[in-house]
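Protein chains in written order, with the working numbering: chain A, 226 to 667; chain P, 226 to 667.
Keep in mind that the hints were calculated from the coordinates and are not lab data. A hint or two may mislead.
For identical chains, the list gives no copy identity; a pair is met inside one copy or between any two copies.
[What the hints assert, rightly or not] Under the rule of at most 25 Å between Cα atoms (straight-line distance), these lysine to aspartate or glutamate pairs were calculated in the DMTMM-like manner:
1. Lys-452 <-> Asp-596
2. Lys-542 <-> Glu-351
3. Lys-542 <-> Glu-618
4. Lys-452 <-> Glu-600
5. Lys-542 <-> Glu-471
6. Lys-452 <-> Glu-524
7. Lys-452 <-> Asp-525
8. Lys-452 <-> Glu-386
9. Lys-452 <-> Asp-392
10. Lys-452 <-> Asp-506
Keep in mind that this is a model prediction, so the values were computed, not measured.
Number of protein chains: 2
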Amino acid sequence: MSETPSHSPAHSVAGGSPEHEAVTPSPPHVSRRRLLGLAGLGAAGAVASGAIGGVVGRATASPSTAQATGAPVSDPSAAVDFTGVHQAGIVTPAQDRLHFVAFDVVTDSREALADMLRAWTTAARELTAGRPSGPGDTGEAMGLPASSLTLTIGFGPTLFETADGRDRFGLAAHRPLPLVEMPSFPGDALQPAISGGDLCIQACANDPQVAVHAVRNLVRLGVGVVKVRWTQLGFGRTSSTSAAQETPRNLLGFKDGTANLKAENGRALDRFVWVGEDDADWLLDGSYLVTRRIRMLIEDWDGVATAQQEAVIGRTKEAGAPLGQRREFDPTDFTTQTNGRPAIPHDSHVFLSHPTNAGTAMLRRGYSFVDGTDEDGRLDAGLFFIAYQRNPETGFVQVQRNLAGDALNRFIRHTSTAVFACPPGVVDGNDWWGRGLFEPTR
Amino acid sequence: MSETPSHSPAHSVAGGSPEHEAVTPSPPHVSRRRLLGLAGLGAAGAVASGAIGGVVGRATASPSTAQATGAPVSDPSAAVDFTGVHQAGIVTPAQDRLHFVAFDVVTDSREALADMLRAWTTAARELTAGRPSGPGDTGEAMGLPASSLTLTIGFGPTLFETADGRDRFGLAAHRPLPLVEMPSFPGDALQPAISGGDLCIQACANDPQVAVHAVRNLVRLGVGVVKVRWTQLGFGRTSSTSAAQETPRNLLGFKDGTANLKAENGRALDRFVWVGEDDADWLLDGSYLVTRRIRMLIEDWDGVATAQQEAVIGRTKEAGAPLGQRREFDPTDFTTQTNGRPAIPHDSHVFLSHPTNAGTAMLRRGYSFVDGTDEDGRLDAGLFFIAYQRNPETGFVQVQRNLAGDALNRFIRHTSTAVFACPPGVVDGNDWWGRGLFEPTR
């Protein structure tokens, strides 16, 4: 539910033009520090040529690296490579279904926590390949293909230290500075019980049973170590993360994510999505994940005429064109006038969230949800917003502050919030989720 | 979650053998009374030859009638014919996703209610063809194919008269005698807020966005007349309703629905599913729908060894074979012994629910659900059970009574119940859902 840059010349961010960079494939890139780490695993040569299994550099146009970098996977039932410089599930072309789960850690043992993360990594490697999670697998995915399953892990602020400053697992010194709880925003209607969490797993797949099966088996392997805090199921991805994907519609009936950052925008990803060398060592090549459960007041929205809906969004409903234009990918031109007034109103969602006006960008991969009905019989439906960014403060927080006067706010309520630091990808068979955090080499 | 007859010789119901009948296609069949009604619409000749658009007789093997009778539709994005002797969504090959909604009627006006049913019928005709519901359509399905959407309506007991006997809409005299609230069963943990309802719509599709869009637009068209009472989303159909469909797995990890009644079992459907001439006139060729939300105690189940799970179910986990057999469709033979004891334990789910022992059968088309987590962090997941039968008393009630000693009961809780009378199909462009009830010809 925000605008980030894509193809058109008008999509320029103050100080940069990511969409121009996107048309020139970036060379495979693995940072110096990470390369040293990979070299220690005997993989330096292969990494330098961008060809160690799933371990490839950032967006390139070569078909051999397409899958791991998130370029289109043509077969929705195929497997997505689990290993890579970055975790899969971020720039991977957004799958159709989501099962998101946030956990509280219930053990005090750092060793038990690390052991579970090792066990989760082993299971995730199998599950994403379309195989059972190991002995004790619950079985409901037997016979189903991998279905592009990705499992993406994140660590919440409370894993590093509690609100009262307790260093639960000796990790406080390694907390990345940007990893702090989200500030309050006007109109927030947050429910603490479905917000926050020490850990999260984002499971995406093209078959919901495959996503549910994966989460359930990670839960099973975490008994005694973690407890589910909250979950969110989603369907109908509301953003494209690859230029090859069609733009889907959200439950407002509008195309969403037309101008999203895409897997093909290599340098824009480096600038806006991947954590660089100015952050915690262990988080290099990782990203920050912000989730917001955004309830839509569907019935109110449905009572508004299409023209007024279009003025609220800033795009046409059917084609998804910026107002004043005709086609979806026509440039978002804020100077166009209609009847002497800006075609795209200055309080519209597109205007306020656009990088030109918000001054930043993030990669979104949200999902629609319908969680039944509320006590008044109204649909409890909306958008589970998911965004990846290099720094939450200059990503989601900056955009959201700019949306304070958004005309759309009348039709939505943020009911849940969470932020997680997502470590880099697992690079080989010995690596595991969080190793860099739990076993720092320096 | 019960066994009903299918292919094997062992699947014989006392007094009949529906699986033998199934291999001989029944001739197109439209009852005498309904035929008179259709003749009144000028359709008699066409009906007699079984070829009026979607209006076809009961299961035949001819490709031209395959779609409307529920035989396999090869393209999951194609449209399912809305019109027919029976409503679509009963023997239609089970689609992958469900959005079920129960309504309370909030008007006292019989005319307003009938008008809404006419408007719903018009909208359903469009929606199931993959078109917008009409002016004011909410738009989120624009560009999406029909996705095998079916919309199936049912009328609850409270539509005819309230618990205190009030005849709300002058329909009390037309209440079918079998349409009464379900009796209590041992172990019920029913929540009234998600039980019952005056009306229901079962929306099934191969794309959840299409199902949600359809329900939302019917809700929109019903403003002031109905209010949503409860909803249930489901995924991963847990039963096949056609012999051409693979048997899916439920969240217990077991194949479910191996021995379900199938679209191809023409005479068994006449005997067990379709309402005959011994019931209310307006319900002829309709069916009774029973829903039960069955919460599975997933974590308890996952703590049980596979062999013990298999003894509880009565089938093997991987192959889905009856215990003592090797393949899924091997006969369910209750005389087979293993180590001097029955291979299929007499307290197993398969034993107790099998038609041989329950003495009856029904057509199931349930869905798995995951509704997040409960206050203890346990998955709120299970099976939304849906069954169609000619009479609830000799269908679901009879089977459920036989399941009182089911070993599976330790792992499940019924949290919602409802029963609805589903009228026959809409036969042409002038017909509408419930016309036979609201405008009886005799």
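A quick look at each hint next to the structure:
no.: 1; hint: Lys-452 <-> Asp-596; verdict: both (22 Å within a copy, 17 Å between copies)
no.: 2; hint: Lys-542 <-> Glu-351; verdict: between (42 Å within a copy, 20 Å between copies)
no.: 3; hint: Lys-542 <-> Glu-618; verdict: neither (31 Å within a copy, 49 Å between copies)
no.: 4; hint: Lys-452 <-> Glu-600; verdict: between (28 Å within a copy, 11 Å between copies)
no.: 5; hint: Lys-542 <-> Glu-471; verdict: within (15 Å within a copy, 39 Å between copies)
no.: 6; hint: Lys-452 <-> Glu-524; verdict: between (35 Å within a copy, 12 Å between copies)
no.: 7; hint: Lys-452 <-> Asp-525; verdict: between (37 Å within a copy, 15 Å between copies)
no.: 8; hint: Lys-452 <-> Glu-386; verdict: within (18 Å within a copy, 47 Å between copies)
no.: 9; hint: Lys-452 <-> Asp-392; verdict: within (19 Å within a copy, 50 Å between copies)
no.: 10; hint: Lys-452 <-> Asp-506; verdict: neither (28 Å within a copy, 55 Å between copies)
Consistency note: the structure conflicts with the earlier hints numbered 3 and 10.
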